[in-house]
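A.B. asks: Sequence:
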Amino acid sequence: MKINSYDIHVIFNFKELSYRGTEVINLETENGVELDAVGLEIHLVEVDGKPITFQQDENKVKIGTGKFSGNLKVTFSGKVRDTLVGIYRAPYDGSYMISTQFESSHAREFIPCVDHPAYKAKFRLSVTVDKGLQVISNMPVRGTREEKDQVTYEFHETPPMSTYLLYVGVGKFEEFRLQNTPEIIVATVPGKIGKARLPAEMARDFIKKYEEYYGIKYQLPKVHLIAVPEFAFGAMENWGAITFRETALLADEKSGFSNIRRVAEVVAHELAHQWFGDLVTMKWWNDLWLNESFATFMSYKIIDMLRPDWYMWGVLLDGMAGALLKDSIPTTHPIETKVNSPEEVEQIFDDISYGKGASILRMIESYIGKEEFRKGISKYLEKFSYGNAEGKDLWSSLEEASGKPVSKIMPHWILEEGYPLVRVEIKGDELEITQERFGLHPVPDKTYPIPLTLTVNGEKKDLVMEGKSVRIRVGQVKKLKVNLDKAGFYRVLYSDLTPVLNSELTPEEQWGLANDYFAFLLAGKVSRDEYFRIVRSLMNAKHHLPVLELADQLSMLYAVNSQKYGDIAKEFHMKQVKEWSGRNDPVGRRTYSILAMNLSKMDPEFAKSLSAQFAQYEELDGDLKSAVAVAYAVSSGPKVLDQLLTLYKQSKFDEDKTRLLNAMLSMNSPHSVVNILSMVFTGEMKKQDIIRSLQYSLFYPDVRDAVWEWIKIHARKVAEIYQGTGIFGRVMADVIPLLGVGRVEEVEKFFEANPIRGSEKGIKQGIEILKAVSRIA
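Residue numbering for the sequence shown follows numbering that gives the first Met the number 0, beginning at 0 and increasing consecutively.
For the record, the hints were derived by calculation from the structure and aren't laboratory data.
Heads up, the beta-carbon is just placed ideally off N, CA and C, and yes, glycines get one too.
Careful, some of the hints might be misleading.
[To be verified] In silico DSS-like links for lysine-lysine, alpha-carbon gap of 27 Å or less:
{"id": "1", "residue 1": "K445", "residue 2": "K770"}
{"id": "2", "residue 1": "K378", "residue 2": "K216"}
{"id": "3", "residue 1": "K763", "residue 2": "K748"}
[Claimed, not checked] Label pairs and their in silico Cβ distance ranges:
{"id": "4", "residue 1": "T74", "residue 2": "K337", "range": "45 to 51 Å"}
{"id": "5", "residue 1": "K563", "residue 2": "K59", "range": "53 to 59 Å"}
{"id": "6", "residue 1": "M304", "residue 2": "E503", "range": "33 to 39 Å"}
{"id": "7", "residue 1": "E745", "residue 2": "T180", "range": "37 to 43 Å"}
{"id": "8", "residue 1": "M304", "residue 2": "S76", "range": "47 to 53 Å"}
{"id": "9", "residue 1": "K426", "residue 2": "F531", "range": "25 to 31 Å"}
{"id": "10", "residue 1": "K207", "residue 2": "E381", "range": "15 to 21 Å"}
I would like the entire structure built from these sequences, with the hints used as guidance.
C.D. replies: This is the structure:
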C-alpha cells in the first residue's frame, strides 16, 4: 500500500474538548485498506461519493476496497483528552490550549491514518475554531475564512513526511517573530513571551550552522518553537512546529547558565532533527537510536562551534555516563533493538538510544576524521531526502566518504549490547591489554573491536583491538594513559595507577578515571581505598568536568551512607566550594551552584551562611538562586514551607517554579516532602513535573522512607499520568537505586506484585543498579 496524501478538515468544539473531521486519503493498494485509529468514532467511509463497508475494532479500521487507486473519504469524530500524548488539553492559569504529541504512534488518536514512519505522505490541513482562537501547524497559514462566530485556518501543504511529525495547536498565543529565512516564530500562552528573544536568536544561528554543515537548506518557509504548558518530554521535533516544555525553550539573560545551556541544547537537538529525522526518517523504530543519538551528537557539535567556552563535550560525557551505567547491567539492549509494538518503542527512548549512540558516533568521528564524517552525513541526507533509511545506509555513506571499514566495525557496537572493560597490566617492557565485557553483575562475555588510543611516556599509539588480548612492547613505563579524551565507549582498569597519576591528564581523561573507578567500586572490582585514592588524586582538580563528576558521586555516596562516606564527601565539597566561589564566568557560576547545593545538604553551618542570601533572592543569578533556595529550605526547614509555597504559586515562569519545587523537596522533613509531592493530585503542581521531582527528595534516609511509602500508595496513579510515554519507567531506573537502599527485597516484591505496564524494563534496571549500590552501602 502507498499513501500519497491526506487532506484533513477538523472542526473543534474548544469548550466541550471534542472535534469532528473529514479526511480524503489519496492512496494505492493491491488488497484493501487498513487504517490505525484509537479512541476515534468512524461514521462513514466513501469512494466517489458512495458509502463503502468498513469494520472498526479498538485500534484498526478495515475497509474492503479490494485493489484500489484513488481517493478514500473518511468522516470521523474524536475527543481531546487529559493525557500527555495524542491530542490533549494542556492547562495553564485557569485556561488551556489544545496540543498534540504523536511520536511514536499517537497520530492514530487524532485521525485515522497509516501510523507508521515509512508511510510518508503530504498533509493538507484546515482547522475550524471559535473566533478569538488561533491555530498553529507544520506549515504557514495559506488563508483564513470567517463564518458567523467561527474561523477556518487553511495551511499550505507539507512535503512528504511521517504521521508522527504532524502537529496541531489550538488556543490563544503570543508570538515573537524573527525575520529570517526561514522565519522563526516563538509561540507561548499569554504572558510568557518575555523570554522568547534568546531562543529565537539561538534557533537562527543554529539553522545557519546546520545548513553549512549538512550542505542542505532548511526545507520549510518557517519554524515555530512552541512552549506548551503541560508537556511530558523535553521537546518534540514536529517538522516546522517544534513543541517544548517551557523550561526547555524560554530563557533570558537572567535565567542562569544551567537553564540557558539546557535551552540551547534542546533547541539545537530538535533543529538537528529537521534534517535527520524529518527530511530523512528511519524505516522503523528499531533505528530510533539513529534519530536520537545523531541529534544529541549534532547539538553538542553545533553549540561547540558557536560557543566553545560552554564546553559542550562535557554534556556529552554526562550522557555517556548514564549510558555506561545502564549498559553494564543484565537488563540492557543493543543500540539498535528489535521493536514489535508501540509500548516497546516508548521504553527505548533511553540513555542507550541517546547517550550510547551519541558516544559511538563521537568514537567513529574521531576514527574516520571530522571532515570525512561531515561529507558522509551530507551524502546520506542528499541520497535519502523525503524518504526513509536504515543504520546500514549511514555506515555505507560514512565508509564511502572516508575509505575506512565503518560497516565492519559498527555492527559490533550497534547490534550487540554491553561494552568492554579493558585491563592494562605492565609486564617488564611490555603492556598486556586484555578485554572482557563489563558488568555490575555477571553478564555473558563478549569480544568487541576496540579502537584503542593510548600514550606511553608521551608517545601516542592507535590500534584496533579485535581479539581478547594484545601485547605491546613499550620499554620502561613512567607515564601511561589509555582511552585518550575518553573518546572510546569502554572502561579501563589499571593494575598499577602510579604511571597514570603521573601523566598529564586532560579534563576528559580525569572525568573518565573518576567515572570508571566509581563503576569499579559498584561492581566490586576495586576496594573502597582504591576508589578513595582516585578521589584524593583529584581532590584539588581545577576543571569543572572531573569536579562535577566527583561531586555527583560523593553526594550520592553520602546519601547512601554518611558514616562511611561523609568525611571524604564533605572534605571534597568544602575544598571545591572555596575554589569556585569567586568565579564569575557562566561555567564557574554553575559549578559553584551545584557544589554549594550539595554541601548545603551535608553541612548545616554552610547551609545557614549561604541561606542569608535568600533576602536578595530576586536579584541573584539564576544558578545561584537554585543553591540559595536549597540552602534556605534545608537550614530553615518546615517553618518556611508556606513562604516558599507562596513564592512557588506566584511565580510566572516554570523556570522559577522548578527551582522552588526542588528546594522544598530537599528539606529533611518527611511530612513536608510528601505533602509537596501530593500537590500533583490537587493541580498545584504540573503533571509534567511530578516524576522528575522525585529525585530531589532522596538525599535523607528518613525522607526516603516516607517517599517510598508514598510511592507504594501512588505509583499506579503517577504512572497513568505518563501513559504512552515510557517516562515513568525511565525515571524509576534512576530513582530506585537510592530510594531502595536498605529495602531491596521489599522494592522487588512490591513491583512484582504491582507490575506497571510499559515501565517493566526501567523498574528492572533500577532494581539491578540498586543491588550494586547496596553492596557498598
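A.B. asks: A separate judgement is required for each hint: does it hold in the structure or not?
C.D. replies: Each hint tested on the structure:
Simply put, K445 and K770 have alpha-carbon atoms about 23 Å apart, close enough for the 27 Å limit, and the pair holds. As the CA atoms of K378 and K216 are separated by approximately 14 Å, the hinted pair is consistent with the 27 Å bound. For the hint pairing K763 with K748, the CA-to-CA distance comes to about 12 Å; that is within 27 Å, so the pair holds. Range check, T74 to K337: Cβ separation about 37 Å, and the 45 to 51 Å hint is violated.
Against the hinted window of 53 to 59 Å, the Cβ-Cβ separation of K563 and K59 comes to about 57 Å, which satisfies the hint. Under the hint 33 to 39 Å, the C-beta atoms of M304 and E503, about 27 Å apart, miss the expected range. For the pair E745 and T180, the beta carbons lie near 59 Å from each other, so the given range of 37 to 43 Å is not met. Here the CB-CB span from M304 to S76 is close to 49 Å, well matched to the stated 47 to 53 Å.
The supplied range of 25 to 31 Å is met by K426 and F531, whose beta-carbon atoms lie about 27 Å from each other. At roughly 19 Å, the beta-carbon separation of K207 and E381 lies within the given 15 to 21 Å, and the hint holds.
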